[in-house]
Amino acid sequence: MHTSGSRILDDFFKYLALVPLIAILVVLVIAPVGQLIVTSFSRVRFVSGAVVFSPVGLENYRNALQDQVALRALVNTTALAVISVTIETLLAVVLAISVGYVRRGNLLFRTVFIFPMLLPPIAIGVMWLMILDFNYGVLNAVLAALGVNGPAWLAHPRLAFPSIIVVDIWHWTSFVFLIVLAGVETLPHELSESARIDGASERQIVWQIILPLLRPIILVAVITRTIFAFKVYEQIFLLTDGGPGNRTEVISSYIMRVFFNQNRMGYAAALSVLTLIFITALVIGFMYLQSLLTREREVRS
Amino acid sequence: MKRTYRFLMIALMVTMMVAPLFAGGRPEADPQPGAAGITRHPEISILINESPWLGAFRQIVELYQRQTGNRVEIVGSPYGALLTRITNSLTAPESEFDIVILDEVWANQFYEGELVAALTDIDPSFSFDSGMLEYNWVTRWDHQLGTNAESGKIYGVPINGNMQIMYYRKDLLAEAGFDPPQTWDDVFRIAEHFYDPPSMYGMVGRATGRPDFGYQAVLHSFDGFLLRYHPETRDWEVGVNQPAALEALNLWLRLVREYSPQDYASIGQAQMISLMQSGRIPIIYTVTAAAPNFDNPAASTVVGQVGATVVPGPAPGRNAPTTGIQPFSVPANLPPARQQAALAFLKWIIQPDIQLEFGRAGGIVTRQDAWEALAQDPKFWWAQAVADSTPYARAQIRVTPGGRIFDVLEGLLRQAVAGDLTPQQTLASAEREIRSIMLDEGYRLR
Chain A
1 MHTSGSRILD
11 DFFKYLALVP
21 LIAILVVLVI
31 APVGQLIVTS
41 FSRVRFVSGA
51 VVFSPVGLEN
61 YRNALQDQVA
71 LRALVNTTAL
81 AVISVTIETL
91 LAVVLAISVG
101 YVRRGNLLFR
111 TVFIFPMLLP
121 PIAIGVMWLM
131 ILDFNYGVLN
141 AVLAALGVNG
151 PAWLAHPRLA
161 FPSIIVVDIW
171 HWTSFVFLIV
181 LAGVETLPHE
191 LSESARIDGA
201 SERQIVWQII
211 LPLLRPIILV
221 AVITRTIFAF
231 KVYEQIFLLT
241 DGGPGNRTEV
251 ISSYIMRVFF
261 NQNRMGYAAA
271 LSVLTLIFIT
281 ALVIGFMYLQ
291 SLLTREREVR
301 S
Chain B
1 MKRTYRFLMI
11 ALMVTMMVAP
21 LFAGGRPEAD
31 PQPGAAGITR
41 HPEISILINE
51 SPWLGAFRQI
61 VELYQRQTGN
71 RVEIVGSPYG
81 ALLTRITNSL
91 TAPESEFDIV
101 ILDEVWANQF
111 YEGELVAALT
121 DIDPSFSFDS
131 GMLEYNWVTR
141 WDHQLGTNAE
151 SGKIYGVPIN
161 GNMQIMYYRK
171 DLLAEAGFDP
181 PQTWDDVFRI
191 AEHFYDPPSM
201 YGMVGRATGR
211 PDFGYQAVLH
221 SFDGFLLRYH
231 PETRDWEVGV
241 NQPAALEALN
251 LWLRLVREYS
261 PQDYASIGQA
271 QMISLMQSGR
281 IPIIYTVTAA
291 APNFDNPAAS
301 TVVGQVGATV
311 VPGPAPGRNA
321 PTTGIQPFSV
331 PANLPPARQQ
341 AALAFLKWII
351 QPDIQLEFGR
361 AGGIVTRQDA
371 WEALAQDPKF
381 WWAQAVADST
391 PYARAQIRVT
401 PGGRIFDVLE
411 GLLRQAVAGD
421 LTPQQTLASA
431 EREIRSIMLD
441 EGYRLR
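For the record, the sequence lines run as chains A and B.
Using our numbering, you'd call the opening residue of the first sequence number 1 and step up by one each time.
Using our numbering, you'd call the opening residue of the second sequence number 1 and step up by one each time.
Calculated directly from the structure, the hints in this document are not laboratory data.
Mixed in with the good hints, there may be bad ones.
[Claimed, not checked] A few chain A positions that, by computed beta-carbon distances, are all more than 10 Å from chain B:
# : residue
1 : L154
2 : W170
3 : S194
4 : L219
5 : Y288
[Stated by the list, open to error] If you only want the chain A side, here are some residues facing chain B, beta carbon under 7 Å, derived:
#  : residue
6  : F46
7  : S48
8  : F134
9  : G137
10 : A141
11 : A152
12 : P157
13 : E193
14 : G245
15 : F260
16 : Q262
[Stated by the list, open to error] Distance condition first, Cα-Cα at most 20 Å in a straight line; then the derived SDA-like pairs of lysine to any residue:
#  : chain 1 : residue 1 : chain 2 : residue 2
17 : A       : K231      : A       : T186
18 : A       : K231      : B       : M132
19 : B       : K347      : B       : E192
20 : B       : K153      : A       : A123
21 : B       : K153      : B       : M132
22 : B       : K379      : B       : V303
23 : B       : K379      : B       : R394
24 : A       : K231      : B       : G80
25 : B       : K153      : A       : K231
26 : A       : K231      : A       : N149
27 : A       : K231      : A       : W207
28 : B       : K170      : B       : S151
We put the beta carbon where it would ideally sit given N, CA and C, even for glycine.
Generate the whole structure from the sequences, applying the supplied hints.
Below you can see the structure in the form of structure tokens.
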């Protein structure tokens, strides 16, 4: 039996309990993003040891829209995200469904397939550098033993970007695999079993039962992975540093250069805000697609 | 249960509010007089790039600690991450480091913004003696002129007197009947003679990781320039799109591409040194700091076989090696006791006998007397080349947006190396960009 005073206190603590979370959110997310937005409309200078923000209106954004290197970096990043995530998703779905079928050694396959995800990106960059380096790389040594002169995988204008994509796929397929595998393992076996009893082939079971049921999970994996793909930096920095020319320049490495090497903090902030808007629009697009698919499924059923 | 939960929530909130009050920087300690008149200072930390001369610097720091009893922590950082760490440290409420190493190219933005302290503000009696090399006043900044000048305040101490020199394989060149190269034509003759890929290449250049550093040596040798200050009219001239610059760029692109491995577009300084160490090229021009690498038996197959000379030019005597000086500076955002401790170390390290020790340990010294003494010892076979290069040495551009200009130039040169831009397009773009940057930073242009 609660008194009215105790109820009021309970209600008060219900909201008070949210304070730490809100404080963390404000300190770690809202304030930095707010500062980023303010900086993007400013020119930042150091005067007499102090940081001085001078408002410049939309100048940084106007410059960003005319910056050919930024555009190239955004195109490269988008291309990397689209190609890598597509291939990773296809591979991961095939692997996850296959592992779901495996009765013995399931744990071994699972461990092997998620291993690349456990390595830090810097370690992966170094490892692939030792494989792909023109002079000292293992790949060209193997090719030389076979009598073939290997190309400059990371320095050739036509090969550097595909090489980066290969490394990205090797690194991140495991991430998509893990999410899809979790989905595969929660699928109701009864549906597949009854389909088998009704005479459905394994191909029909995969195409008409497993894949449609996995669709929402695959979409979550694609959204998460796409966001990660836009953050790629370490591998590029180690493997090509954006080169040759700016063939592998990505938006993260360009923002980094603008901020630190060029000391243009306001402009780097504007590029960051534009990237944030671009990724948010992409995610909203994916979510809209997901809701459309869900609605379509509901209508069908 | 509910009461315990409320108690925990209140405790958590109180902790969050109170914790910042107890956060603080390093405790400040006043200098203490020690034995034999040595002043005891609080421990200092030095941020420095992990370059080939770091081992020599560690040795000299150990000597400082033994001689003075003062403690020094060395914080190594890859060069690529250095500027990030310095910017973060100098713009924090209090610097994490007591001394930071800067680079000739981007030091000026910190001088101009007074994010590092003028050494004469810490100790008004501070000055350099005549034996100290100041490399076109690399640590003095004149706020009125917006460039390095003798009239400027002293914001640091040159610690790494890096300058380009030409390295060559003494054994290979002697066997083939070549003298050390004096001209660019000599370089191409040697490169062509030895070019036998994939086991041997003729020449490699620095195509990434500041390719402009390599290009400037060629540009200046053709009497070209990126920027020139005219004191009589107090304005600046951008010279990057002039005929000399185009001639220089065409030659530099040949140096980088023609007799190099297929991956020339991704070759930086580390790869150049590595190719020389593995005996796969007969000549390169790069920084003085690379020299000890060729004598390291653990990493080099060419120990005792490398010689050095002045970086060639279009004709003998038209040489223009570029300097790549790194100064040590003291952050402005430090309490006075820590600045005093840092300055004590800087004053100690530029003494003639200490510089000589630093040079013997493999450091790239910044005193003329130390270079002259080192040149007497055959162990330091590169010292004479440095001494011979000094009269020809050319500084990199010294304006506040130096880092920005070189970053843009690097991007364009890399595109030229990759064949994405023609030399003409590269220089026209560079001219446009540099003019825009200079005007944006408030410099007067002619």
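| Among all the numbered hints in the text so far, which are the ones the structure does not match? | 1, 9, 10, 13, 17, 18, 19, 20, 23, 25, 26, 27 and 28
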